[in-house]
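Chain by chain, the residues:
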Amino acid sequence: MEKTFTKNVKQALNNPVLRANYRKALDALAEKRKTAFADISLELPARREAAYALRLNSLHKLPELLSQLEQKLNENGIHVHWAQTPQEANQIAESILRQNNAKKIIKGKSMITEEIRLNDYLEEHGFNVIESDLGEFIVQLAGEKPAHIVAPIIYKNKEQVAKLFAEKLNFHGSSAEELTHAARQFLRKEFYSADAGLSGVNFAVAQTGTLCLVENEGNGRFCTTIPPLHIAFMSLEKVVEKFSDVPLLYSMLCRSASGQKITVYFNMISKPRQKDEKDGPQHVHLIILDNNRSTILSDPLLRKTLLCIRCGACMNNCPVYTNIGGHAYDAAIPGPIGKILMPQIAGMEKYGHLATASSLCAACVEVCPVKIPITDILLKLRAQATSLKNLSFKQRLYSGKLAEKIAFMLWAYIFSSPLRYKLFLKMLHAFPALIPLKVRFTPMLRQWTKTRDFPMPR
Amino acid sequence: MHESNYKRRSAILSRVKVALSNLDPEQIQTQTQAQTSKNKLPEQARSESSLAASFAKNLNQQFLQNMTGNSALCFECQEEEIPALLHKLLVQEKIKSLVLSGQPQVEKIFQQTLNQAQEDTAFSCDFFRFENNLEELKERLFEVAASLEKAHSGLAETGSLVIRSTKETPRSLSLIPPIHIVLLSSKNIYANFETYLSASKLSSRSSLENTLLISGPSKTADIELTLVQGIHGPLKLIVILYNEAKKL
Ligand code: SF4
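Just so you know, the sequences run in chain order G and Y. Using this note's numbering, read the first sequence as starting at 1 and increasing by one per residue. Using this note's numbering, read the second sequence as starting at 459 and increasing by one per residue.
If you're looking for bench data, these hints aren't it; they were derived computationally from the structure. Be careful, since some hints might not be right.
Unchecked claim - Cβ pair distances, simulated, as ranges:
| hint | chain 1 | residue 1 | chain 2 | residue 2 | range |
| --- | --- | --- | --- | --- | --- |
| 1 | Y | Lys552 | G | Ala28 | 29 to 37 Å |
| 2 | G | His79 | Y | Lys659 | 26 to 34 Å |
| 3 | G | Ser67 | Y | Ser462 | 12 to 20 Å |
| 4 | G | Ser67 | Y | Leu572 | 33 to 41 Å |
Every residue gets a Cβ at the ideal spot worked out from N, C-alpha and C, and that includes glycine.
Model the full assembly from the supplied sequences, consistent with the hints where possible.
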């Protein structure tokens with residue numbers, strides 16, 4: 001995995017189109033986020049604090065909230081299933097689909113289904129799965145993977161999309177508008193005829209048994225409204241205690257993700273079609289996934305990884321992500337949050353190296369709406385990965401582990417202040433001989449400095 | 459299947475319980491923090507709402523401004539003026555077919571619109587009510603040009619409509635037709651989502667119907683972050699904010 005990662009990084013850094021696509025989009029997103037908070041800039045610290053406290057409170061009450069959620073959903077007529085592993089989640093979904101004789105499945109954007117690789121599983125088992133979020137639809141057409149949790153095709157420019165549509169849909173057009181409307185025409189037919197709709201969940205309210213879904217396109221609504229069967233997926237930390245917790249978290253999510261005060265749709269799904277209702281799915285199921293999260297919860301620091309509301313702001317503001325792009329991580333969730341989440345849910349052996357791919361500049365920590373101490377968690381994971389404990393001081397010194405640690409501490413010190421960082425850059429320019437020294441300590445940077453200058457702090 | 463679901467459930471919940479028994483020094487502190495911040499937020503919202511009540515006009519203006527900012531086409535009028543406005547809109551937007559919600563008020567207003575339009579010989583608009591199940595109406599719903607319904611309420615701060623799904627206002631009415639026309643009484647505008655929640659006593663309710671916030675026509679910026687209006691949901695959202703006629 002680590003080798004692939006290094007290779008991916010090298011390739012990404014040597015691809016100027018790719019880097020230009022990312023840079024342009026991410027700068028715009030970071031800028032939008034800033035303006036989105038302008039009207040409440042004075043309240044921002046208090047709101048982040050409150051959002052953090054709300055999320056942490058629900059984590060600490062998880063067992064009771066999950067039981068309450070299940071009970072409420074049952075009362076509302078929504079079936080609840082529990083899955084410990086991705087494999088179990090996929091199998092449960094498969095069996096629900098088979099029971100309902102569903103073959104054609106339309107899907108809304110959901111990171112958890114990426115995490116469990118649901119599409120691959122269902123397709124291997126003979127189902128036809130169609131992504132309906134515009135970005136995910138394009139990713140699927142291209143046979144690729146999403147590169148960002150909010151903007152899946154951030155790595156593509158519109159010429160590349162136009163070429164893809166010409167090849168796969170026999171549609172010829174070039175503007176974003178034409179391409180978007182072509183996708184609308186194509187997908188309407190699929191919404192019309194799908195046997196089942198799949199979706200994720202942004203927040204699940206224990207108090208009322210309500211599944212909240214945030215979106216702009218309306219495809220999430222189609223998936224959860226038109227087909228006779230709706231299956232929702234959530235990881236267990238998505239539950240919140242009360243409905244009154246929702247407005248703040250929703251607002252923080254919108255503003256941080258895309259710089260909007262509010263998204264076009266906020267869907268509060270509470271029940272399948274009722275006796276006197278004319279539409280809505282007859283059957284609604286929720287699959288709640290653990291996938292090692294119950295282990296993550298046992299450490300008070302690592303636990304905070306699960307506060308995440310998946311806004312993507314940490315990626316948009318990350319100098320490493322901006323330069324290597326989402327695909328280099330080869331993970332369902334890339335960027336700073338991916339670096340701390342993936343090793344913990346999918347194993348250190350597979351993803352431990354991601355914990356080293358950071359300059360610890362803490363830009364992510366600054367923007368995170370729920371104040372996840374991403375860099376602290378990274379350092380802890382790094383320490384686990386290098387398992388310093390087993391070595392004597394001398395061994396550590398000679399094995400380079402201690403040197404690595406010191407180097408990282410230095411890095412953390414330099415990167416944690418824009419002023420220090422600027423001074424450091426100046427120093428590097430004045431004394432280029434220093435460069436090999438620092439490069440020796442951070443393997444990532446060796447790749448990085450080969451092809452580019454250090455990014456200026458935003 | 460059922461039994462194994464129960465087993466998996468117990469396994470997960472007991473692991474979570476054990477994991478959380480490792481207390482966080484911050485835990486007690488944050489719990490009280492969560493309490494105070496939660497108390498603080500609705501309170502702030504409440505004061506905003508009482509303030510807002512005395513400036514109802516401002517609330518309407520704020521709603522219209524933000525709804526327009528969300529790319530909806532907005533109109534403000536008196537209740538009795540709706541039929542004439544609707545007639546004008548149907549002509550202007552070249553709407554030749556319409557699906558109506560089952561709300562009596564919508565029915566009445568649309569009848570008045572048709573009566574008014576009688577003199578307009580060039581005018582024609584097919585319509586049907588959403589009174590059968592989706593399965594029976596699906597084909598027509600995917601072809602109809604526009605829908606008309608009355609929203610439950612509006613949120614000024616974000617320019618949002620609150621739509622509750624009921625037997626009279628099915629979920630797909632605001633989803634499938636390319637143009638979505640919504641009536642909203644100015645009496646039903648709240649300052650924001652928080653005030654709406656406390657006014658609808660949601661905190662003491664244990665269940666609710668499917669509810670939706672709509673803040674503009676559907677949109678996407680997936681291709682090069684270029685904003686395009688109209689992807690899967692309606693291409694256009696038309697909001698008619700009206701002041702209720704005074705009852706004699
Ligand atoms: S870690 Fe924070 S900034 Fe990153 S996606 Fe999660 S909530 Fe957003």
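Could you tell me which of the numbered hints above are not met by this structure, giving the numbers in increasing order?
Of the numbered hints given earlier, the structure breaks just one, which is hint 4.
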